[in-house]
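Next come the chains, spelled out residue by residue.
Protein chains: 2
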Amino acid sequence: MQELTISLNSKSRTPLYEQIYNYIKQDIQTGRIKAKEKLPSSRALSAYLEVSRSTVDLAYEQLLSEGYLESVPCKGYYACQIEALYRFRKETAAEALAPSREESACDYDFTPNGIDLDSFPYGTWRKITRNILLDDNKDLFQLGDAKGEWELRAAITSYLHQARGVNCRPDQVIIGAGNDYLLLLLSAVLGTDYRIAMETPTYKHAYKIFEQLGYSLCTVPMDASGMQVSGLERSGAGIAYVMPSHQYPLGIVMPIKRRLELLSWAAREEGRYIIEDDYDSEFRYKGKPVPALKGTDQREKVIYLGTFSKSIAPAIRISYLVLPEGLLKDCEKALLKFSSTVSRIDQMTLYQFLKEGYYERHLNRMRAIYGRKHELLLRELKKMSGFCRVTGEHAGVHLLVEFTNGMTEKEGIKRARAEGVKVYPLSEYEIGNSAAVHGQTHQSSTVILGYATLSEEELAEAAGRLRRAWGTVVPK
Amino acid sequence: MQELTISLNSKSRTPLYEQIYNYIKQDIQTGRIKAKEKLPSSRALSAYLEVSRSTVDLAYEQLLSEGYLESVPCKGYYACQIEALYRFRKETAAEALAPSREESACDYDFTPNGIDLDSFPYGTWRKITRNILLDDNKDLFQLGDAKGEWELRAAITSYLHQARGVNCRPDQVIIGAGNDYLLLLLSAVLGTDYRIAMETPTYKHAYKIFEQLGYSLCTVPMDASGMQVSGLERSGAGIAYVMPSHQYPLGIVMPIKRRLELLSWAAREEGRYIIEDDYDSEFRYKGKPVPALKGTDQREKVIYLGTFSKSIAPAIRISYLVLPEGLLKDCEKALLKFSSTVSRIDQMTLYQFLKEGYYERHLNRMRAIYGRKHELLLRELKKMSGFCRVTGEHAGVHLLVEFTNGMTEKEGIKRARAEGVKVYPLSEYEIGNSAAVHGQTHQSSTVILGYATLSEEELAEAAGRLRRAWGTVVPK
Numbered sequence: 001m002q003e004l005t006i007s008l009n010s011k012s013r014t015p016l017y018e019q020i021y022n023y024i025k026q027d028i029q030t031g032r033i034k035a036k037e038k039l040p041s042s043r044a045l046s047a048y049l050e051v052s053r054s055t056v057d058l059a060y061e062q063l064l065s066e067g068y069l070e071s072v073p074c075k076g077y078y079a080c081q082i083e084a085l086y087r088f089r090k091e092t093a094a095e096a097l098a099p100s101r102e103e104s105a106c107d108y109d110f111t112p113n114g115i116d117l118d119s120f121p122y123g124t125w126r127k128i129t130r131n132i133l134l135d136d137n138k139d140l141f142q143l144g145d146a147k148g149e150w151e152l153r154a155a156i157t158s159y160l161h162q163a164r165g166v167n168c169r170p171d172q173v174i175i176g177a178g179n180d181y182l183l184l185l186l187s188a189v190l191g192t193d194y195r196i197a198m199e200t201p202t203y204k205h206a207y208k209i210f211e212q213l214g215y216s217l218c219t220v221p222m223d224a225s226g227m228q229v230s231g232l233e234r235s236g237a238g239i240a241y242v243m244p245s246h247q248y249p250l251g252i253v254m255p256i257k258r259r260l261e262l263l264s265w266a267a268r269e270e271g272r273y274i275i276e277d278d279y280d281s282e283f284r285y286k287g288k289p290v291p292a293l294k295g296t297d298q299r300e301k302v303i304y305l306g307t308f309s310k311s312i313a314p315a316i317r318i319s320y321l322v323l324p325e326g327l328l329k330d331c332e333k334a335l336l337k338f339s340s341t342v343s344r345i346d347q348m349t350l351y352q353f354l355k356e357g358y359y360e361r362h363l364n365r366m367r368a369i370y371g372r373k374h375e376l377l378l379r380e381l382k383k384m385s386g387f388c389r390v391t392g393e394h395a396g397v398h399l400l401v402e403f404t405n406g407m408t409e410k411e412g413i414k415r416a417r418a419e420g421v422k423v424y425p426l427s428e429y430e431i432g433n434s435a436a437v438h439g440q441t442h443q444s445s446t447v448i449l450g451y452a453t454l455s456e457e458e459l460a461e462a463a464g465r466l467r468r469a470w471g472t473v474v475p476k
Numbered sequence: 001m002q003e004l005t006i007s008l009n010s011k012s013r014t015p016l017y018e019q020i021y022n023y024i025k026q027d028i029q030t031g032r033i034k035a036k037e038k039l040p041s042s043r044a045l046s047a048y049l050e051v052s053r054s055t056v057d058l059a060y061e062q063l064l065s066e067g068y069l070e071s072v073p074c075k076g077y078y079a080c081q082i083e084a085l086y087r088f089r090k091e092t093a094a095e096a097l098a099p100s101r102e103e104s105a106c107d108y109d110f111t112p113n114g115i116d117l118d119s120f121p122y123g124t125w126r127k128i129t130r131n132i133l134l135d136d137n138k139d140l141f142q143l144g145d146a147k148g149e150w151e152l153r154a155a156i157t158s159y160l161h162q163a164r165g166v167n168c169r170p171d172q173v174i175i176g177a178g179n180d181y182l183l184l185l186l187s188a189v190l191g192t193d194y195r196i197a198m199e200t201p202t203y204k205h206a207y208k209i210f211e212q213l214g215y216s217l218c219t220v221p222m223d224a225s226g227m228q229v230s231g232l233e234r235s236g237a238g239i240a241y242v243m244p245s246h247q248y249p250l251g252i253v254m255p256i257k258r259r260l261e262l263l264s265w266a267a268r269e270e271g272r273y274i275i276e277d278d279y280d281s282e283f284r285y286k287g288k289p290v291p292a293l294k295g296t297d298q299r300e301k302v303i304y305l306g307t308f309s310k311s312i313a314p315a316i317r318i319s320y321l322v323l324p325e326g327l328l329k330d331c332e333k334a335l336l337k338f339s340s341t342v343s344r345i346d347q348m349t350l351y352q353f354l355k356e357g358y359y360e361r362h363l364n365r366m367r368a369i370y371g372r373k374h375e376l377l378l379r380e381l382k383k384m385s386g387f388c389r390v391t392g393e394h395a396g397v398h399l400l401v402e403f404t405n406g407m408t409e410k411e412g413i414k415r416a417r418a419e420g421v422k423v424y425p426l427s428e429y430e431i432g433n434s435a436a437v438h439g440q441t442h443q444s445s446t447v448i449l450g451y452a453t454l455s456e457e458e459l460a461e462a463a464g465r466l467r468r469a470w471g472t473v474v475p476k
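Protein chains in written order, with the working numbering: chain V, 1 to 476; chain Y, 1 to 476.
The following block holds chain V by itself, in its conformation from the complex (with noise of 0.2 Å):
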């Protein structure tokens, strides 16, 4: 019993039972207890350090199951050989290396790329997150469908049915860590023999993946209806990518004419495909919802991706193919191979989120939200028409600010810039030199401005240094 060097603080957070449980580990890690050596009894150890003899037999209990002692029935506890446990030292050092965020320092940032977060039901995520653990459905720490959850499938394709106008089954629907991840999946098991005509500007984050996929890539002129599909017919292209219900960055809804001599082109030849970035279409202000262009996806040529980083939170990390039918038979089994990338609780937090309707209260919600900054920042640059008009105002939680006083792009984030207001540049939309081809003159004297994560009192601040910082310039 000497060699025990125990000395317990009853006025300690730590439990009575781990502080015995955190000495005999110590010594044995230590070797002051060696492998094989017989410990006292639970009924001795506690008559020992005057506590109850439960507090021994848990503290045992838990040396036993992590493998520092084992049991010797009608014998005792004996040390185990230790050599082959785990046992991590804390290493802060690396910690203290972690590298520094940088900050920009701009007071305002008009960035594309974020939503509002001080309205995420952060509540009701975490409540139905703790019952969903709760559960104790311990199913759901296996491995899943590689599809996704068929119930958060069939509640997608409910949504999709009831807010964008799609009809599909839940078969066509596969669930994947956002839209990067669906790209990828997409390319291994298309294959990349594919051209893909694309919109300049456009969301350029999908033309690095393709890029970087291997794809042959090519423009396709626009006009105000969106990609033109004459020069897509040219340009031999076999996939099309296109933003029917709001382009990214300029904001065009596509009318439905258009929409339809999209889908002939997809249906004059075996093969053909458009897909369909639906990424932000939740949010339109006046009149209904745009419906999305796999609504009228008759012969089934549109691969639709969906996500709910916009709607949700861009950390939530999943997003979803719908796939047309045809291509869903040629190219399951392919997809099966995959296992699922998101995990089963997250998949089924959403889904009760969407199914118990928060996510119906929340998209109402933001859109009001947003609709009152979107007005509120009309508004401001309608004070400021003499020296810029804004366009794609239809939809999303961006506008488009055009100089018409002469003024540059550059010229204006670096005016901005100024003033301490973060803007963005049309420009870095731009697929090549195609400004000079098309002839547009409007990419270099045009910049975005993303209003999801301004409050409207910072919008109407930084509206009125924007005001400063633009309004000055002499028209050439």
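To be clear, the hints were calculated from the coordinates, so they are not data collected in a lab.
Treat the hints with care, as some may be off.
Just so you know, same-sequence chains aren't split out, so a pair can sit in one copy or run between any two.
[Unchecked claim] Result set (PhoX-like, lysine-lysine): computed pairs, CA atoms no more than 20 Å apart in a straight line:
no., residue 1, residue 2
1, 204, 333
2, 410, 310
3, 36, 75
4, 127, 337
5, 337, 310
6, 204, 337
7, 36, 286
8, 310, 286
9, 286, 382
With chain V held as given, fit chain Y onto it using these hints.
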């Protein structure tokens, strides 16, 4: 006031304000209250309903925030045009159609793919997740680092150093949602112009993924030390895929001599790499854990693939790659094009789980639990030494049983099944017709017994049945 049909139920579990909210929302949705119609003031309505004014205010605020009402200053509340609002009906029909999961009709399933989830520390995981959500750290809902959270990568670096003998920097670690995803990502950044050499039998899932991605594949003969390096040299492969700590499914632990030969092979030519899949090295029951090959990778030739699927739970979907320095330099830009596939909440939960020592304790407990099952099953199988012998017993959570009485794999599976026990064919892990080529005979007479998911009682009972099933075969 007469138009409002509100009858409150003070005994309901639904709060009064929510009842009022529901009534008015429904009246607006059904058109009983028309767009632009004025609603009673909250004072009037509260008097009429005999509830407090704050109750009505709460209901009005909710309706306001979701866009059903608008407030006109100094005038009052008006119903909105609601055609643009989201209204999801509950579609229960679809849910009723959920495919029924096929029940396998066996009493004991020796699946090699499961893990023992009864011992998963749900409580701890839940507590950590809850605390992370409580922190109300809204940053966690924004998109994180493409490689994964720095803190988690640092914690993994520290774990690899201490438990696997691997020295690397957090910068070399890339977090991803599962091994399949990481192999997909690797193919996207490395390209697929590689010939990959694999063992046979091997982890067939990886083989199928490489095949799907369009890699040229070849098999290299194995001996008792694992992949034969002479064969590898002849194969013309640029990448060797191996599991040196515990080959799946044969359970071979690659000795140091073979490891060094393998590393020499990789060093002999520019652009050669070894993928080390270290999928279940955590569980070894005798002696120290076998260090990872990556630990002796002086020439930076080993791409290390680790996972928490086996050691924590398959459904948490967190795996990681450790890239060699040179490769990291070459492909970092491409890597950063792909957003992280793991939610930051999950990453931070795992980080805390590692940092607070829970992972260490969990591993030691699982090691003890699996160790007892391992021992019990070995003991039971020893009773059958008259007609079978055991291999692959050095680590992991499965064993191989080779019939020595002339019984084929197929027959063994069939007989076990007749006793209500499911065992698995080794031949499933073979690539092509290599059994015939290499003249190995064990493949056709060997079955796999995974013991992670069965309790000790179940293992004892199941082993008894196997003895009955297999012991009565008359040797040829």
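Right, here's what the structure says about each hint:
no., hint, result
1, 204 x 333, "between (31 Å within a copy, 15 Å between copies)"
2, 410 x 310, "neither (28 Å within a copy, 52 Å between copies)"
3, 36 x 75, "within (12 Å within a copy, 85 Å between copies)"
4, 127 x 337, "neither (34 Å within a copy, 34 Å between copies)"
5, 337 x 310, "between (29 Å within a copy, 19 Å between copies)"
6, 204 x 337, "between (29 Å within a copy, 11 Å between copies)"
7, 36 x 286, "between (78 Å within a copy, 16 Å between copies)"
8, 310 x 286, "within (19 Å within a copy, 51 Å between copies)"
9, 286 x 382, "within (18 Å within a copy, 76 Å between copies)"
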